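Q: So the protein sequences, as listed, match chains W and X.
Count the first sequence with the numbering used here and you get residues 1 to 208, in order.
Count the second sequence with the numbering used here and you get residues 1 to 398, in order.
Note that these hints are calculated values from the structure, not bench results.
Be careful, since some hints might not be right.
[Unchecked claim] Listed below are the simulated SDA-like cross-link pairs for lysine to any residue, each with C-alpha atoms no more than 20 Å apart in a straight line:
1. X:100 with X:381
2. X:182 with W:30
3. X:150 with W:29
4. X:130 with X:341
5. W:184 with W:205
6. X:227 with W:120
7. X:227 with X:210
8. X:182 with X:156
9. W:204 with W:73
10. X:150 with W:30
11. X:130 with X:366
12. W:204 with W:76
13. X:150 with X:188
14. X:227 with W:140
15. X:130 with X:182
16. X:227 with W:129
17. W:184 with W:140
18. X:227 with W:119
19. X:130 with X:44
20. X:102 with X:392
21. X:130 with W:29
22. X:227 with X:177
23. W:204 with W:180
24. X:130 with X:348
25. X:100 with X:384
26. X:182 with W:34
27. X:150 with X:41
28. X:182 with W:29
29. W:184 with W:194
30. X:130 with X:52
31. X:150 with X:195
32. X:130 with W:30
33. X:150 with X:191
[To be verified] Interface residues of chain X toward chain W, partial, derived using beta-carbon atoms under 10 Å:
34. 144
35. 164
36. 167
37. 168
38. 170
39. 173
40. 304
Values in this document were obtained by computation on a predicted structure and should not be read as measured data.
Positions of the beta carbon are idealized from the N, C-alpha and C atoms, including for glycine.
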Amino acid sequence: MPHNILKPLLITSLCGLFALAFSGCGESEPEYVEVREAQPAAEDPHAGHDHPPGEHPEEPEGDTGALAFTYEAPAGWNEQSPSSMKLLSLAIGSPPELVSELSVSAFPGDVGGQLANINRWRRQVGLGPISEEAAADFIQDVTVSDIEGWQVDFTGPEGSGENGGAARVVTTAVFQDGQTWFFKLVGNDAALEDELENYDAFLKSVSF
Amino acid sequence: MHIPPPLVSLARTLGSLRLTVYLLVAAVFLVFFGTLDQVRIGIQAAQAIYFESLIAFWHYPEDWPLGQLLNWFPVPVPGGYLIGPLLAVNLVLSHIRHFKFKWRLLGISVIHFGVLMLLVGQLMTNLLQKEDYMWLDEGETANAVRSFHKDEVYLTRHADDGTVGVYSFPFSELEEGNSLPKNPFPFEVRVAKVFGNAEIQSLGSAPGASRHGVDRGIGAQFNLGVKERSSFRSDDQRDVRTAVLEISKNGQRIGTWLVSNVFEERFPEQSFSLEGRRYDVGLRYRKTFLPFSLTLLEFNHDRYPGTNIPENFSSRVRVEHTETGETQEVMIFMNNPLRYEGFTFYQASFAKQDTASMFQVVRNPGWLMPYIACTLVSVGLLYQFGWIAYRSIRRTSS
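Hey, can you work out the whole structure from these sequences and the hints?
A: Rendered as structure tokens:
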């Protein structure tokens, strides 16, 4: 065999050997272990949220981080234990009256895009999805802590909320430090209507 | 010993300085194109396509000037698994060819050995390292870690004594039409459908989605439809990995289940009974059980006084070995991980207003190699420069 053909042939074989060697390094084997009954803490603290199926990525789990802003809670808004997804949770009103909630969460990036989030909030109040053009009519520009953001306000049909009322969601989103921050006010339409001024005041008090 | 001339010639080529230069230039191109594409496809995909392959093809982005014109042309880029091993071979062969023991050159040999070790260590890390995470609330205990990127199909059997038999199989290895291999339970699981990334919605509101024969569990209960969607290829969004599993015993179909990694955090386990035993079936972020448990006693988030700027994050944990019963309290904080039983726990994140802590859990059998390699290179450099300085001083004084 001519010398000048053999050399590239050997080099190719060598490369092939590398490929073979590394292709065998996968994790293709099934495993079987016996353990004690799983303890709850072994699960994610993100477990147990009752999001509707199908739209997982809109609020991906992520480093929710510390509360990187200061705020003033309006009178009657009481801080409650946050969940893993909520950096801050304020209860508005007290039982047996209906309780509304303001929650703040932050997630890296644009969390699936504006339209996906808008449609998710619409679904939460019993409304159908809308197109990007239609969504533009609902988006208002707002400023939080001198950062430009956007706000939407959706009210569902009668019966979509508690006690047969209409559910309503008002959400303001701003992008800060590589994260999208959501300030979400949720409750029955009748109760929220009276809290909109407080909501605006709360947003004005937020300072990153 | 007679070595055939082609082999000698090959060894010379592979051990030549010219090849070293070519490979280093190729490495520059690899890093350049890999980084360019990382912006578009995310770290995971970029790493797999560029750095964990023999060859990759870069396409000029369509949204750049003249993108429509240039996008079709694939630019071949040598991959990390080609450059790295060739560099190692190059180093070894050039050493074999040129090595002559001399005290004045000993430092160079040590440096080269250190560099070789660094290359081998990197390859080992790449092939063997596993990265997982563990979330803990204050006061809670966990004995398992979860994968950042990998998913698995699992089957569990609950015994009366509180033990659970857990069978798992990597999602990436699922093949439609095949049965789960080495399944220890008395039934067969056939993979009817696999979705790398799926859209799961109520059948009525999801055009194009199909039920895929699911008649048991969450899929049937909520009348869910599934359709394939392209991968998010994002570092922030995890693909909704989904499968349809058909379970049967002795040819008799028991039922068909829809399993997905988005179910676990939203729904209870999907279970069924067979011969008086309860079994669960599902798909989840890969879960690795540990031979010990970790309890988060306290998480601290210190800030500089008067500001929100973090000064330190620390977690006080109790480690308890399952078999030996050995218990110890450890403080994990930035740059001070816990190393235990081959696992390294790094303080990675926190949540729930500083009451939950997340650890990045790394297993890397080759973790010591870079330290040894860097020490060798340092010693080699010190020796070599020391030798030159010694000779120079001697020459001057004489």
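Q: Which hints from the list above does the structure break, by number from lowest to highest?
A: 13, 14, 15 and 40
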